[in-house]
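Undergrad: Single-letter residue listing:
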Amino acid sequence: MALLDDKDRARTFYRCLSRVYDRVNPVFWNEDMRDRCVELLEVVEGDRVVDVGCGTGFATEALLEVTSEVEAVDQSPQQLEMARRKQGLDDVDFVLGDAENLPYRDGVFDCAWSSGSIEYWPEPVEGLREMRRVVRPEGRALVVGPRQPSNRLLARLADSVMLFYTREEASEMFREAGWTDVEHHVMGSNWVDDDALVTIARNPG
Amino acid sequence: MRESLNDILCCPVCKGDLELEITEQEGDDVLEGTLHCGECDETYEITDGIPDLLPPEMQD
Numbered sequence: 001m002a003l004l005d006d007k008d009r010a011r012t013f014y015r016c017l018s019r020v021y022d023r024v025n026p027v028f029w030n031e032d033m034r035d036r037c038v039e040l041l042e043v044v045e046g047d048r049v050v051d052v053g054c055g056t057g058f059a060t061e062a063l064l065e066v067t068s069e070v071e072a073v074d075q076s077p078q079q080l081e082m083a084r085r086k087q088g089l090d091d092v093d094f095v096l097g098d099a100e101n102l103p104y105r106d107g108v109f110d111c112a113w114s115s116g117s118i119e120y121w122p123e124p125v126e127g128l129r130e131m132r133r134v135v136r137p138e139g140r141a142l143v144v145g146p147r148q149p150s151n152r153l154l155a156r157l158a159d160s161v162m163l164f165y166t167r168e169e170a171s172e173m174f175r176e177a178g179w180t181d182v183e184h185h186v187m188g189s190n191w192v193d194d195d196a197l198v199t200i201a202r203n204p205g
Numbered sequence: 001m002r003e004s005l006n007d008i009l010c011c012p013v014c015k016g017d018l019e020l021e022i023t024e025q026e027g028d029d030v031l032e033g034t035l036h037c038g039e040c041d042e043t044y045e046i047t048d049g050i051p052d053l054l055p056p057e058m059q060d
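Line order of the protein sequences matches chains A and B.
Heads up: the first sequence is residues 1 to 205, going by my numbering.
Heads up: the second sequence is residues 1 to 60, going by my numbering.
Hints may contain errors.
[To be verified] List of simulated lysine to aspartate or glutamate pairs, EDC-like, C-alpha gap at most 20 Å:
#, chain 1, residue 1, chain 2, residue 2
1, B, K15, A, E126
2, B, K15, B, E42
3, B, K15, A, E123
4, B, K15, A, D195
What the hints contain is simulated information worked out from the structure, not anything from laboratory work.
I would like the entire structure built from these sequences, with the hints used as guidance.
TA: Shown next as structure tokens:
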């Protein structure tokens, strides 16, 4: 597993990527997968959820369909600008912030969500620990992990800017960050045959 | 950002509470202002409704 060695690389990458993001991303991560993940997290109306690394707000939109209390944070002003322009997202309080240094108080959320983001965190365990800090005891987290391209060239290219992990490595990271009841779901789309690892865990408090 | 958002925000570095100072507002929407951390004396800008709560070393 490769680690991004500095956050500037992730930021530069996203600055360029935000222009084409919503057109490219659906190949790897689509509405169907997103909606299945929302069901897995079992969010109900009134739950306060944080979308960590919300990007252009793709998951924020889906979370808003199940609860009106959604907060969203991302480190890229360009991505946030696109998110807030989307219909239905104009009421969301977007915050510029870093997953590994979340600007939210302890235990204020019922659930934490993160999709398409962890692969760019230089210290993923730190980010997971921060997610646990802001989630109340017995609250849950769902993280959609990276999907490694099966094409060898693409895989090598992706591995140079992203983090990839196996199911075992994911379990280890979540446990190290203090989460329990860690479970994984493998999810694919019809477009490509590479599966994404979706991890759900509980905050023991 | 809504004024009430500050109830759940904190300093990204020391996790201390933030003091909100508003310079431009529309209803309960804060458009321009600052969030100040008394614990580490850091000031975070709110620009065009979005608070920049990135740790200082990550800010542009």
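Undergrad: Can you name, in rising order, the numbers of the hints this structure does not satisfy?
TA: 4
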